[in-house]
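Visitor: Fit chain U to the supplied structure of chain R, relying on the hints for placement.
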Amino acid sequence: MTINVSFYSYFKDLTGVPSTSEQLPEGATLGELHLQLIEHFPQLGAMKNSTLLAVGVEYQPRDHPLKEGDDVALFPPVQGG
Amino acid sequence: MTSRSSRRCKVVEFPPGSMKRELILTHEPIDETALVQGRVMSGGMGAAVSFAGVVRGTEEGAAIRAIDYEAFEPMVRRQFELIFDDVEKRWPIESLRLVHRLGVVAVNEPSLWVEVIAPHRGEAFAACQHLIDEMKRLVPIWKKPVS
Numbered sequence: 001m002t003i004n005v006s007f008y009s010y011f012k013d014l015t016g017v018p019s020t021s022e023q024l025p026e027g028a029t030l031g032e033l034h035l036q037l038i039e040h041f042p043q044l045g046a047m048k049n050s051t052l053l054a055v056g057v058e059y060q061p062r063d064h065p066l067k068e069g070d071d072v073a074l075f076p077p078v079q080g081g
Numbered sequence: 001m002t003s004r005s006s007r008r009c010k011v012v013e014f015p016p017g018s019m020k021r022e023l024i025l026t027h028e029p030i031d032e033t034a035l036v037q038g039r040v041m042s043g044g045m046g047a048a049v050s051f052a053g054v055v056r057g058t059e060e061g062a063a064i065r066a067i068d069y070e071a072f073e074p075m076v077r078r079q080f081e082l083i084f085d086d087v088e089k090r091w092p093i094e095s096l097r098l099v100h101r102l103g104v105v106a107v108n109e110p111s112l113w114v115e116v117i118a119p120h121r122g123e124a125f126a127a128c129q130h131l132i133d134e135m136k137r138l139v140p141i142w143k144k145p146v147s
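First to last, the protein sequences are chains R and U. My numbering puts the first residue of the first sequence at 1, with every later residue one more than the last. My numbering puts the first residue of the second sequence at 1, with every later residue one more than the last.
Be a bit skeptical, because a hint or two may be false.
[Claimed, not checked] Computed list of lysine-lysine pairs in DSSO-like fashion (alpha-carbon distance at most 27 Å, straight line):
(1) K143(U) with K48(R)
(2) K12(R) with K144(U)
(3) K89(U) with K48(R)
(4) K48(R) with K144(U)
(5) K143(U) with K12(R)
(6) K89(U) with K136(U)
[Claimed, not checked] Cβ pair distances, simulated, as ranges:
(7) N108(U) with Y10(R): 22 to 30 Å
(8) G31(R) with F125(U): 33 to 41 Å
(9) S42(U) with G56(R): 30 to 38 Å
(10) D63(R) with L82(U): 17 to 25 Å
(11) Q36(R) with T26(U): 31 to 39 Å
(12) G44(U) with G27(R): 47 to 55 Å
(13) P61(R) with E22(U): 29 to 37 Å
(14) G38(U) with D71(R): 32 to 40 Å
(15) K144(U) with T2(R): 43 to 51 Å
(16) Q36(R) with E22(U): 53 to 61 Å
(17) M1(R) with S18(U): 36 to 44 Å
(18) S50(U) with P65(R): 37 to 45 Å
(19) L82(U) with M1(R): 24 to 32 Å
(20) T58(U) with S50(R): 17 to 25 Å
In case anyone wonders, no lab produced these hints; they're calculated from the structure. Cβ atoms here follow ideal geometry from the backbone N, Cα and C, with glycine treated the same way.
Excised from the complex, chain R in its bound form:
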């Protein structure tokens, strides 16, 4: 299945792109997507434990099952205000 991925804040600088797409087997989880992204963009590895993950506009846990066409966002800790 194809998952659409967007990067925000300095994750765009780390990866060099604002978005990408990843191919994953059916039933793959958000955590598995994150590990695959770190393989493709090793610069994300240093931020692995503090990375926030959302599907659509909702935060989801790492065991969240993905489905074809999901829009996933990765970003560093937020800093509003």
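Guide: For chain U alone, kept in the frame of chain R given last:
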């Protein structure tokens, strides 16, 4: 039980969905005077707490000219909606207004303005503090210093 705790239990006075909400994400300067002039309070309300978050002139010890705010706007709106829901469950708030600047905000200008209207100051201060704490934990907005 403290008086504050017992006030938290009075949510029945404000059924779910009764709290007025306003969220503005804007690239324009925040006009605090106009916002205060637009305040609406019913007769039972005794507290209007407002807070302005202002851009500091230093970031990690270095002088800056401004902060550039980036947002994942659809998720910002959703996360504020969830936080507002949470505030409404916890305190008998009549009205909650929040304005957040996006883009470049110069030093000394407000980047955030919040107003909470409640029957008493305790719940108004508590709700305002909680709202901002949760925003800083959950709402996808990021700062980039401009030097």
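Visitor: None of the hints should be skipped; say for each whether it holds.
Guide: Going down the list of hints, with the structure as the test:
For the proposed pair K143(U) and K48(R), the alpha carbon gap of about 20 Å is at most 27 Å, so the pair holds. Proximity of K12(R) to K144(U) is assessed by CA-CA distance (about 13 Å); at most 27 Å being required, the pair is judged to hold. With a CA separation close to 34 Å, the supplied pair K89(U) and K48(R) exceeds the 27 Å bound. Under the criterion of a C-alpha separation no larger than 27 Å, the hint pairing K48(R) with K144(U) is consistent with the structure, at around 21 Å.
Of the supplied pair hints, the one linking K143(U) and K12(R) holds, its CA atoms being roughly 14 Å apart against a limit of 27 Å. Taking the CA atoms of K89(U) and K136(U), the gap is near 20 Å; set against the 27 Å cutoff, the hint holds. At roughly 25 Å, the beta-carbon separation of N108(U) and Y10(R) lies within the given 22 to 30 Å, and the hint holds. G31(R) and F125(U) have their C-beta atoms about 39 Å apart, which keeps the hinted 33 to 41 Å range intact.
With their beta carbons about 36 Å apart, S42(U) and G56(R) fall inside the hinted range of 30 to 38 Å. Remark: the range hint 17 to 25 Å for D63(R) to L82(U) is upheld by a beta-carbon distance near 21 Å. Range check, Q36(R) to T26(U): about 37 Å between beta-carbon atoms, so the 31 to 39 Å window is met. The supplied range of 47 to 55 Å is met by G44(U) and G27(R), whose beta-carbon atoms lie about 54 Å from each other.
Taking the beta carbon of each, P61(R) and E22(U) are about 31 Å apart, inside 29 to 37 Å as hinted. Judged by the Cβ atoms, the range 32 to 40 Å given for G38(U) and D71(R) holds: they are separated by roughly 36 Å. The hinted range of 43 to 51 Å is not satisfied by K144(U) and T2(R), whose Cβ atoms lie roughly 31 Å apart. Separation of Q36(R) from E22(U) is about 41 Å and departs from the stated range, judged on CB atoms against 53 to 61 Å.
About 43 Å separates the C-beta atoms of M1(R) and S18(U), a value consistent with the hinted range of 36 to 44 Å. Checked against the hint of 37 to 45 Å, the pair S50(U) and P65(R) passes, with Cβ atoms roughly 43 Å apart. In this structure the hint that L82(U) and M1(R) lie 24 to 32 Å apart at CB holds, the actual value being about 28 Å. A C-beta distance of roughly 24 Å is found between T58(U) and S50(R), which places it inside the suggested range of 17 to 25 Å.
Of the numbered hints listed earlier, those contradicted by the structure are 3, 15 and 16.
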